[in-house]
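Q: Chain by chain, the residues run as shown.
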Amino acid sequence: MALDRDAVTHIAKLARVALSDEEIELFRTQLSEIIGHFDVLSAIDTEGVEPTAQILPLQNVFAPDVPRPSLPPEEVLDLAPLTDDGYLRVRAVLE
Amino acid sequence: MPDLDALTIHESAALLRRREVSSRELAQAALDRIAAVDGRVRAFLTLTADQALAQAAAADRRLAQDEAGELLGVPVAIKDVLVTKGVRTTCGSKMLEGFVAPYEATVVRRLFDAGAVMVGKTNMDEFAMGSSTENSAYFTTRNPWDLSRVPGGSSGGSAAAVAAGEATYALGSDTGGSIRQPAALCGVVGMKPTYGRVSRYGLVAFASSLDQVGPFTRDVRDTATVLNAICGHDPCDATSAPGETPDFTAQLEAGVRGLRVGVPKEYMPADLHPGVRACVEDAIAALEAQGAAVDRDVALPSTKAALAVYYIIAPSEASANLARYDGVKYGFSYQQGEGMWDNMEKTRGLGFGPEVKRRIMIGTYALSSGYYDAYYLKAQKVRTIIRREFDAAFEKYDVLVAPVTPTPAFRIGEKTGDPYEMYLNDVFTLPVNIAGLPGISVPCGFVADGPSGDELPVGLQIIGKPFDEATVLRAARAYEATASWAARRPPL
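First to last, the sequence lines map onto chains A and B. In short: position in the first sequence from 1, add 95, done, that's my numbering. In short: position in the second sequence from 1, add 41, done, that's my numbering.
Just so you know, the hints here were simulated from the structure itself, not pulled from any lab data. Any given hint could be a false lead.
Stated by the list, open to error - Straight-line C-alpha distance at most 27 Å; calculated DSSO-like pairs for lysine-lysine:
{"id": "1", "chain 1": "B", "residue 1": "Lys437", "chain 2": "B", "residue 2": "Lys506"}
{"id": "2", "chain 1": "B", "residue 1": "Lys370", "chain 2": "A", "residue 2": "Lys108"}
{"id": "3", "chain 1": "B", "residue 1": "Lys422", "chain 2": "B", "residue 2": "Lys135"}
{"id": "4", "chain 1": "B", "residue 1": "Lys437", "chain 2": "B", "residue 2": "Lys422"}
{"id": "5", "chain 1": "B", "residue 1": "Lys437", "chain 2": "B", "residue 2": "Lys345"}
{"id": "6", "chain 1": "A", "residue 1": "Lys108", "chain 2": "B", "residue 2": "Lys135"}
{"id": "7", "chain 1": "B", "residue 1": "Lys506", "chain 2": "A", "residue 2": "Lys108"}
With the hints as extra help, turn the sequences into a complete structure.
A: Right, dumping it as structure tokens:
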């Protein structure tokens with residue numbers, strides 16, 4: 096199926112990725128082609144087939160509830176562009 | 042004294058044990074080789090010469106106290122997708138250009154505990170998305186056998202480093218073929234273990250239900266040796282499989298007499314490169330001559346849907362995993378925008394390269410309201426069918442064999458204009474990730490691509506049952522023992 100520019104802009108908004116006009120046009124063509132190849136799946140009968148999320152027979156893996164040291168907070172905060180008194184800082188979410 | 046930069050791990054370990062060479066000499070030989078050839082090959086994003094010499098000195102002290110260990114004092118290269126404490130980890134992306142992790146990936150820590158000497162971090166497609174290293178935000182690695190061609194990807198730097206003699210072995214990661222495909226194109230051994238066999242803690246996440254860490258080596262014994270070191274349960278990775286890890290070297294030389302080998306016909310299509318077909322058929326005949334029971338008529342009919350399943354599931358998982366790059370916690374951060382959301386969108390728009398953005402967009406689309414059932418859920422159901430077909434095949438066969446890639450190494454720039462054409466490189470490798478199986482690429486010959494072309498390596502893929510790496514390695518070793526490809530070195 097072919098995507099139009101509005102669809103590409105909408106996906107980019109959901110993904111929080113700023114795209115240039117050239118990128119919107121490029122991705123419109125390329126994503127349309129790639130998604131077109133997904134049609135092969137509609138020919139496969141999956142009636143009654145359970146989905147596979149991952150292949151291991153593991154479910155609900157728990158760790159013992161024992162305190163242990165975390166990474167040093169100051170080392171982790173050192174990686175952030177903006178911090179404030181031990182917190183990550185961002186611009187106001189609601190303006 | 043042999044060429045130190047051409048040794049296997051087991052040859053290096055024997056020389057170290059006999060005190061015929063020191064770890065420092067091995068490290069220096071690797072660094073000298075890097076200095077001599079990496080300007081052309083460009084396998085490394087970051088060199089860690091000082092750390093390598095310090096680790097080599099520490100290894101020499103341990104060797105002097107008669108400590109044994111196959112990896113003790115042997116040089117290794119690490120794909121830049123694995124975090125290393127105090128050494129930058131870029132993941133091939135501008136998003137993580139200056140990122141220095143405050144912790145070590147479990148696999149790296151295990152190698153360091155065993156006495157490994159890290160010479161550097163290797164180039165890769167950005168966030169491991171690609172088949173050529175051309176998606177690296179930094180530069181393209183060259184194939185050591187023909188510098189005008191790609192080394193494969195996404196772990197192309199690791200494959201090229203081992204092929205070019207810049208490290209004795211390397212680690213990579215494989216989500217859809219990213220170890221096996223570059224191993225095939227560079228003429229080295231590369232293995233993706235069973236999903237869950239190796240800890241993913243400290244592996245920068247791409248598609249978490251598919252990603253797995255594995256080695257690049259110069260022979261099959263070395264692959265078994267590295268697996269012995271990196272496999273095993275890790276409480277830091279909830280998907281790491283509990284249970285004991287066998288000694289993968291124990292059954293290596295047991296041969297293939299009576300081994301049931303299946304060749305899926307979907308992996309030998311009419312348009313397969315004739316040179317690749319000839320090499321793979323010769324390798325299958327060699328296994329048969331060693332006593333394997335070969336069936337060339339195995340059917341895995343859903344193979345044709347695997348590419349679509351992969352290019353829905355992997356981008357979907359990627360779109361969720363890469364949501365963490367928001368310019369707030371670490372990595373590249375755009376600060377001059379109109380507010381928090383504008384900053385975040387521009388951080389991601391400027392920090393990610395085109396292929397990463399493309400996959401985030403595909404995944405976001407496949408997971409979005411109105412398309413989830415038709416794409417993501419449908420792909421997960423077909424994933425079940427693909428698994429069941431492998432399960433049924435493994436009722437009758439101990440291993441499946443196939444080509445690794447449809448063609449030998451292609452030219453730089455040849456496929457960058459058409460993402461779907463690039464995706465087709467992984468058509469024989471990604472079903473193995475979808476089913477979570479172990480798979481190896483072992484060199485099976487050389488072909489000229491075109492009448493006047495250089496000789497390029499070809500890989501044989503051997504696929505096994507879940508957690509049966511031992512049989513895969515045994516078959517790979519039996520084939521390797523009949524061949525002499527490992528003696529060839531690239532004309533650098």
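Q: Now tell me if each hint is right for this structure.
A: Taking the hints in turn, this is what the structure says about them:
1. Lys437/B with Lys506/B: holds, 11 Å
2. Lys370/B with Lys108/A: holds, 21 Å
3. Lys422/B with Lys135/B: Violated, because 36 Å separates the two Cα atoms, which is more than 27 Å.
4. Lys437/B with Lys422/B: With Cα atoms ~24 Å apart, Lys437/B and Lys422/B stay inside 27 Å; holds.
5. Lys437/B with Lys345/B: holds, 22 Å
6. Lys108/A with Lys135/B: holds, 21 Å
7. Lys506/B with Lys108/A: violated, 42 Å
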